[in-house]
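In order, the protein sequence lines correspond to chains A and B.
Under the working numbering, the residue at position 155 of the first sequence is numbered 155, and the numbers go up by one with no gaps.
Every position in the second sequence, counted from 1, becomes a number in the working numbering once 1000 is added.
Where hints are given, some of them may not hold.
Below 20 Å or equal to it, Euclidean Cα-Cα: the simulated EDC-like pairs (lysine to aspartate or glutamate) are [what the hints assert, rightly or not]:
hint, chain 1, residue 1, chain 2, residue 2
1, B, 1235, B, 1211
2, B, 1128, B, 1155
3, B, 1221, A, 205
4, B, 1176, B, 1123
5, B, 1225, A, 102
6, B, 1126, B, 1171
7, B, 1053, B, 1245
8, B, 1272, A, 179
9, A, 155, B, 1099
10, B, 1110, A, 83
11, A, 140, A, 83
12, B, 1159, B, 1188
13, A, 140, A, 205
14, B, 1220, A, 179
15, B, 1261, B, 1083
16, B, 1221, B, 1147
17, A, 113, A, 102
18, B, 1227, B, 1155
19, B, 1053, A, 83
20, B, 1126, B, 1251
21, B, 1235, B, 1166
From chain A, some residues computed to sit far from chain B (all C-beta separations above 12 Å) [what the hints assert, rightly or not]:
hint, residue
22, 2
23, 61
24, 83
25, 121
26, 123
27, 171
28, 194
29, 200
30, 213
The hints are simulated quantities; they were obtained by calculation from the structure and are not laboratory data.
We treat Cβ as the ideally placed atom computed from N, Cα and C, and that holds for glycine.
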Amino acid sequence: MLTSLIGYIVEVSRGLGITLSVFAMTLIISLPLGIVVAVCRISKNKIICSIAKLYIWVLRGTPLMLQIALVFFGLPSVGIVFDRLPAAYLACGLNYAAYFGEIFRSGIQSIEKGQREAANILGFKTAQFYRFILLPQAIKRTLPAIGNEVITLVKDTSLVYVVAVNDILRVAKGAGGRDANTLLAYVAAGLLYLVMTYVITKLFELIEKKVQYEE
Amino acid sequence: MKKKILSVCMATMMILGMAACGSSEQPTQQPEQEQTEQQATGEETESTLDYDKIVVGLDDTFAPLGFRDEEGNLVGVDVELMEATSEIMGIPFELQPIDWSMKETELANKNIDMIWNGYTITEERKEKVAFSQPYLNNRQVVVTMADTDINTLADLTDKTVAAQAESSAIDAINSKPEIAQTFKSLGEFETNDQCLMDLEAGRTDAVVADEVIIRYYVSKKGEEKYKILEEDFGKEEYGIGVRKEDTQLLEALNVALDTLKENGTTKEISEKWFGSDIIME
Chain A
1 MLTSLIGYIV
11 EVSRGLGITL
21 SVFAMTLIIS
31 LPLGIVVAVC
41 RISKNKIICS
51 IAKLYIWVLR
61 GTPLMLQIAL
71 VFFGLPSVGI
81 VFDRLPAAYL
91 ACGLNYAAYF
101 GEIFRSGIQS
111 IEKGQREAAN
121 ILGFKTAQFY
131 RFILLPQAIK
141 RTLPAIGNEV
151 ITLVKDTSLV
161 YVVAVNDILR
171 VAKGAGGRDA
181 NTLLAYVAAG
191 LLYLVMTYVI
201 TKLFELIEKK
211 VQYEE
Chain B
1001 MKKKILSVCM
1011 ATMMILGMAA
1021 CGSSEQPTQQ
1031 PEQEQTEQQA
1041 TGEETESTLD
1051 YDKIVVGLDD
1061 TFAPLGFRDE
1071 EGNLVGVDVE
1081 LMEATSEIMG
1091 IPFELQPIDW
1101 SMKETELANK
1111 NIDMIWNGYT
1121 ITEERKEKVA
1131 FSQPYLNNRQ
1141 VVVTMADTDI
1151 NTLADLTDKT
1161 VAAQAESSAI
1171 DAINSKPEIA
1181 QTFKSLGEFE
1191 TNDQCLMDLE
1201 AGRTDAVVAD
1211 EVIIRYYVSK
1221 KGEEKYKILE
1231 EDFGKEEYGI
1241 GVRKEDTQLL
1251 EALNVALDTL
1261 KENGTTKEIS
1271 EKWFGSDIIM
1281 E
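The following block holds chain B by itself, in its conformation from the complex (with noise of 0.2 Å):
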């Protein structure tokens, strides 16, 4: 019997063993031995690249700069930047929903090459990741709703604050704790909509949110129902984040930017979607 059982176990341990080693012989890393060919011919031919294909990591659930309509389809403002991106680059995107708790990481393993979408520079990532230059302009702002008699970031004393979990809202608060010191509490919330709903609720008297986010919902939800500061807790930038020594991709993918800037295309698609040119000039 004791035999049985153990043949049992080293029978399961293989299979999950083989089914392991059956997977990791999936092509997920580039050969280096490659990149150096291509480099040497790169020099020739301009802004080629060693990708068949670029994994392009976005949260598919990020209205409006990446998300589904109702058929499914990927929308939005950063998915239209890549659609002409990929065409100056001249490289197809495959775009890959991630979890925006696991960017990074799945940037690191190569699961994605790029991290696009309402991406904001800070220093800390910038440890982590090269980022491209800044395409879009963005503010932390201060929503309340239409009635309230706060009108300036000093009226937030003693009043109930709300921002969406792991933003760089939390970071552009913090970055000011003078303020952020007065406040009542700071509560956090998995999405911007939620912020928004708890605000209506009047369990919360402000919400500090990406204005180019903010704007989206408040339009969702009916302009007249809120007002949004003119004081704001900071401006920041959008960039797109790539692996550190993937210095071509970002050269080129610099190059494109700057050629979208140029030819107007950034311009027709941020006014599509904010009314406005937003997008870094």
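Looking at chain A on its own, in the form it has when it is part of the complex (with noise of 0.2 Å):
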């Protein structure tokens, strides 16, 4: 049983590749592209504010399976045409950008106005206030907040099974269904998930060290 549990994990990592880049690519995405999401979101602007309601909404209220398949299967109808692994990055980038703006609207907002007027008073520019001021506070309150996506992330990678590329739980379907053995290649990958989400406890454990100052 062991001794083919560790081969499973073996067969298994196979899929770490696929699993990490999607992983990698969704953050590298929906990091920027949340903050423009969360800045159009508080943006006095109407029309604008009205623009990152609605595609919070929607990206956020439809489920991440549904947007890979459409934005592979369905964008070619339009002209649009995506090979497998970019339509998952671009699916997941843009639904993780949405639950990303609202945590750094959170961030942002979580800063009282006294502060800017303070900032201002003591001839800060919008951008020093920023960079200096607003951002440090607002990244360090919502660093929680954004390791919980972020490990919610490295599980929804095995939602693009349906454009059927070979992440590490694919793989372990597989291997289960060869051998007649499911349930110990599910085992497999969910240690390996486990491997994965340690690693990113720790490194966030790490950052929020690095920013820790007394407020």
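Mind docking these for me? Both chains are given alone in their own frames, and the hints should help you get the complex.
Okay, here's the thing in structure tokens:
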């Protein structure tokens, strides 16, 4: 049993590349886009704000699997054709940008207005205020929420099954199906997810320590 | 500030737009002109198709028809048949894993040219795709634990039955409502392996599944533990699905399947995997 579990872990690791690439590309797309979403969402311009609200509503309000399927299978009907993996990157990135956007908004809005007024009086320009006063505090306050989301993302990467790329879970499903031993193969996949989330958890602990200061 | 926000938004949209345009140039559609030209030459040199390669869609988690061995290589009954067919047609096949629930969409979108993986021929599917001649016989059989007193379909009265969701087993059960109505319940699981696990746990009394598939699982889990009833939920056939407009491809495929049946290749593959020749004569 243990030897076959180890065997499955080795075999299922073949999906690690796909899982990690979806994970990384999603973060690369969604973190900057999330800032844009947050900034638009708190904009005083009603149109921009409404667009951001609509974006968040649609992207958070529909299943991610459906969004991946729509990007890969639906967009070709309007002439936009993505390969399997890029479609997954884009859909996951757009989806997570909505969640990150709301987290960033919570961080930005948690800074009292008084700080801005004080910064103005002290002669800070808007950019300087954001860079030196708002951002450090907002990042610190939102780190636990971002960590939550990043860990959810590790597991959400398995939704790429719909475009049939062989991530960890799909490899496990295939291996388990082959040997009529689905459960053990899934346990092996679960252990790999645990290792990944452990690394990310530790990483966030480190970052939180780095930004720790007296408020 | 507002202007800045606006320009950031615009920039993002433009980048996304460009990315989209960039990838749309990938050659996914066969130019029509090329097709007609090939048609003209096709009459002279037999079985010349306008394909550099044929992309075959298969579910690579579907043992024993198409799956991956420990090294990650694609193997299985259908995979071996594909290799033999490709050789006869003289066109390389590219095997593209797909998610089974998306198979017809993949075909319609031209991501793949064929659906080939234990694809049961049904009237419903005939509306969407063109089927090749059948190449494999299959039955919808009932599996129980060896020590139960279930021996006929009538014995399934008030029993809990399970089958793989979205499989032709479900269709087969529904096509016999007079029996299906006597079930205590019908559970649907994602895989046949899960059905058998539930059977073993005692929550399910009987599993209905493709004979081809379930015999493979039973042999993996231990033949002595299970029994397969003589009565079944009907016979069916596996075929290969292509787009309806690809008539030339379908024709070439049928010719190749004929050749494989004649020269004994299908018999060889069938005996290797099933111990008997269940591939269509």
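* Asked: Holds or violated: residue 1220/B with residue 179/A, Cα cutoff 20 Å?
  -> holds (7 Å)
* Asked: Is the hinted pair residue 1126/B and residue 1251/B satisfied, with a Cα-Cα distance of at most 20 Å?
  -> At roughly 16 Å apart (the allowed maximum being 20 Å), residue 1251/B and residue 1126/B satisfy the hint.
* Asked: Do the alpha carbons of residue 1225/B and residue 102/A lie within 20 Å of each other, as the hint requires?
  -> violated (55 Å)
* Asked: Hey, does residue 213/A actually stay past 12 Å from chain B on C-beta?
  -> Given that every Cβ of chain B is farther than 12 Å from that of residue 213/A, nearest at about 28 Å, it holds.
* Asked: Straight-line Cα separation of residue 1235/B and residue 1166/B no greater than 20 Å?
  -> Satisfied, since the Cα-Cα distance of roughly 18 Å is no more than 20 Å.
* Asked: Do the alpha carbons of residue 140/A and residue 83/A lie within 20 Å of each other, as the hint requires?
  -> violated (37 Å)
* Asked: Quick one, are residue 1221/B and residue 1147/B close enough, alpha carbons at most 20 Å?
  -> holds (16 Å)
* Within a Cα-Cα threshold of 20 Å, do residue 1176/B and residue 1123/B meet the stated pairing? -> Holds, at roughly 16 Å.
* To do: Measure nothing beyond the straight line between the CA atoms of residue 1261/B and residue 1083/B; if it is 20 Å or shorter, mark the hint as holding.
  => Distance of about 14 Å is within 20 Å: holds.
* Find the nearest Cβ of chain B to the Cβ of residue 200/A and say whether that gap is larger than 12 Å. => holds (26 Å)
* Against chain B, does residue 61/A hold up as non-interface, every C-beta pair farther apart than 12 Å? => The claim holds: residue 61/A sits with its nearest Cβ about 20 Å from chain B, beyond 12 Å.
* Asked: Between residue 1227/B and residue 1155/B, does the CA-CA distance stay at or below 20 Å?
  -> holds (14 Å)
Comparing the model with each numbered hint stated earlier shows that hints 2, 3, 5, 11, 24 and 27 do not hold.
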